[in-house]
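We have chain C already, so just place chain X on it with the hints.
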Amino acid sequence: MSTHAVKRTKYRIGKMSLLDYIILAILTILALAILIPFLNVIAISLASQKEYAENPMMLWPKQPTLDAYRALFEDGRILVGFGNTLKIMAVGLPLSLFLTSTMAYGLSRNAFPGKKGIFFLVLFTMIFNGGIVPLYLVMKSLHLTGSLWSVILVGSFSAFNMILMMNYFQSLPESLMESARLDGAGEWRILFSIILPLAAPIMATITLFYGVAFWNGWYDAMIFLRKAEMLPLQNVLRTIIVESTTNVSNAASVDALNKSGFSTGMKMASVFVSMVPIMCFFPMLQKHFAKGVLTGAIKT
Amino acid sequence: MKPAIVGSGKMTKARLRNGNLLTEIWKHRMTYTLLIPGLIWLILFAYLPTGGLSLAFKHYKANLGIWGSPWAGLENFMYVFRDPAFASSVWRTLYVNIIKLVITFPFPILLALLLNELRMRKMKKLFQTILTFPQFLSWIIVSGIVINVLSYDGLVNSALQLFGLPTINFLGSEPMFLPMLILTDIWKSTGWGAIIFLAAISGIDQDQYESAQIDGASRMQQIFKITLPNILPTVTVMFILNVGGLMSAGFDQIFNLANAATQNVSQVLDVYIYRVTFQSSTDFSFSTAVSLFRSIVNMVLLLTADRVAKWMGGDGLFR
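First to last, the protein sequences are chains C and X. Start counting the first sequence at 1; every next residue gets the next number (our numbering). Start counting the second sequence at 1; every next residue gets the next number (our numbering).
Think of the hints as simulated: they come from the structure by calculation, not from any bench. Hints may be right or wrong, so weigh each one.
Claimed, not checked - In the SDA-like style, the derived pairs of lysine to any residue whose C-alpha atoms are separated by at most 20 Å in a straight line are:
1) C/LYS116 x X/TRP41
2) C/LYS291 x X/GLN135
3) C/LYS287 x C/ASN167
4) C/LYS140 x X/ILE40
5) C/LYS227 x C/GLY76
6) C/LYS116 x C/ILE127
7) C/LYS140 x X/PHE278
8) C/LYS50 x X/SER158
9) X/LYS61 x X/ILE43
10) X/LYS61 x C/SER141
One chain only, chain C, in its complex shape (with noise of 0.2 Å):
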């Protein structure tokens, strides 16, 4: 992308024609037509319910004030779902990594009876699931519905990120495995102390992969949950956003709480606090996605 650029702006420098500020022009609407929404969120979330019931087409509030938040905080709901989240990460993304590294190391060695076959077990699983339903199922004769485990076991694993991960240990020049080997180490150990330590950008992408997933996972939980005290961050927000507007149409009264005590600027109060977290690692995100992107042909 870059070099292009520079070799392009070699033959005219300085020039910006007609063509070059239409193209501006319009990126800067499209920009725009992102952030907009964005600030009207937080503009909302920082207002009162006076200020807001006068102009909710507001970009800044005039008094900015921290009521929402603190409504937010004190109804202590949110919280709970950071915490649950919290827990599902703490305990989901050393399991996933380690389930996912361990596979796709043993997967890359050199041929052994059985690989192909284990490789296909794992392929498969991207092209064939049985969906929702004996998922759900075979969970229940666990014994895990209604605990994190089954959300956090759910999430430990994914064929696309071992795939990616084996990929890459199958770049590493063998020698290295070979002396570790020939000083007796054995596999368990070259995975750990030689392989894992010159495999941190793969390792960096892949928790990245993971932790985005669980942050935002909503869909195992709704399913094996029950009890609303242990619902994670998205569920939650759901139940603050989507379930408390039940009929957004005829919503006429913008300051009226709705049933379950949210008033508006709660709401995206909560919409913002939910979205720091993926605004402060954004740009490690956006980095890490676009090679996991580039190098695996399929979207996230």
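Using the frame of chain C, we list chain X on its own:
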């Protein structure tokens, strides 16, 4: 194996082969131990549920479980195919996803062309950052934003009112549901979708542009005669891969943007499965039969898409 026949040549060979296999397995025993954790996961959470699809051919009895319930032949499928809601959910899925695909597909390509033609590198970075951000948010967060902006008293309708235009009921009317899905999908996914096309553009041989410039080609001519033909293979492959997901795409979006007013038009296959399994009177055999139908159609679509993509000279889904 009796020692008496060890002498025969055939058996020795077989034993040797077995012996070789066993030594091979023994030699790689450490590697197998590496695979065990992953295999346990695959068995529990991928292959047990796949085996559980056998429930589609059984009468589910809660006390007997998946494996013990009595066989029912194709009875469940008879009920499934007779359910008008099932057939309509299949057509709704295809209708929604085909129209969505046809309309939204060109946008990432256009955006990639625009970004590529932008001369200011710092602005290009900034635009890319802003435009790709929504992709990383869940559809729950995005529907929070969408419900706020598109609701009756939200940003868009207030602006329409300001200019004296009629307001639009984006969220609560059946005819607006699909246009609203298309609009919000473009908003969320276009920026990210452009990444793969930008990468394809950056892979184009620069000599082509240089000789075109020497020949006096305008920028428009360069776009149409060099850039677009060169990224056509990527465009084709991306389109085919999207076709592979026609039966399962868009669940998160539809599920989180649907409400009571749009109940009928939002019932795609996955929503139907959710509703019959977890909301109405539960008949797990029936739901499993629908699930099996869905899994098979998905697999056929995916494999066909992969074949076609490879045939068109692309990488396909699985390298």
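Verification of the hints:
1. C/LYS116 x X/TRP41: Roughly 18 Å separates the two Cα atoms, so the pair holds.
2. C/LYS291 x X/GLN135: With a Cα-Cα distance of about 15 Å, the restraint between C/LYS291 and X/GLN135 holds, given a limit of 20 Å.
3. C/LYS287 x C/ASN167: Since the Cα atoms of C/LYS287 and C/ASN167 sit roughly 19 Å apart, the hinted pair holds (cutoff 20 Å).
4. C/LYS140 x X/ILE40: Holds: C/LYS140 and X/ILE40 sit about 18 Å apart, inside 20 Å.
5. C/LYS227 x C/GLY76: With a Cα-Cα distance of about 15 Å, the restraint between C/LYS227 and C/GLY76 holds, given a limit of 20 Å.
6. C/LYS116 x C/ILE127: 16 Å, holds
7. C/LYS140 x X/PHE278: It holds: about 14 Å lies between the C-alpha atoms, which stays within 20 Å.
8. C/LYS50 x X/SER158: Roughly 16 Å between the alpha carbons, so the hint for C/LYS50 and X/SER158 holds.
9. X/LYS61 x X/ILE43: 23 Å, violated
10. X/LYS61 x C/SER141: 13 Å, holds
Hint 9 from the list above is the single one not met by this structure.
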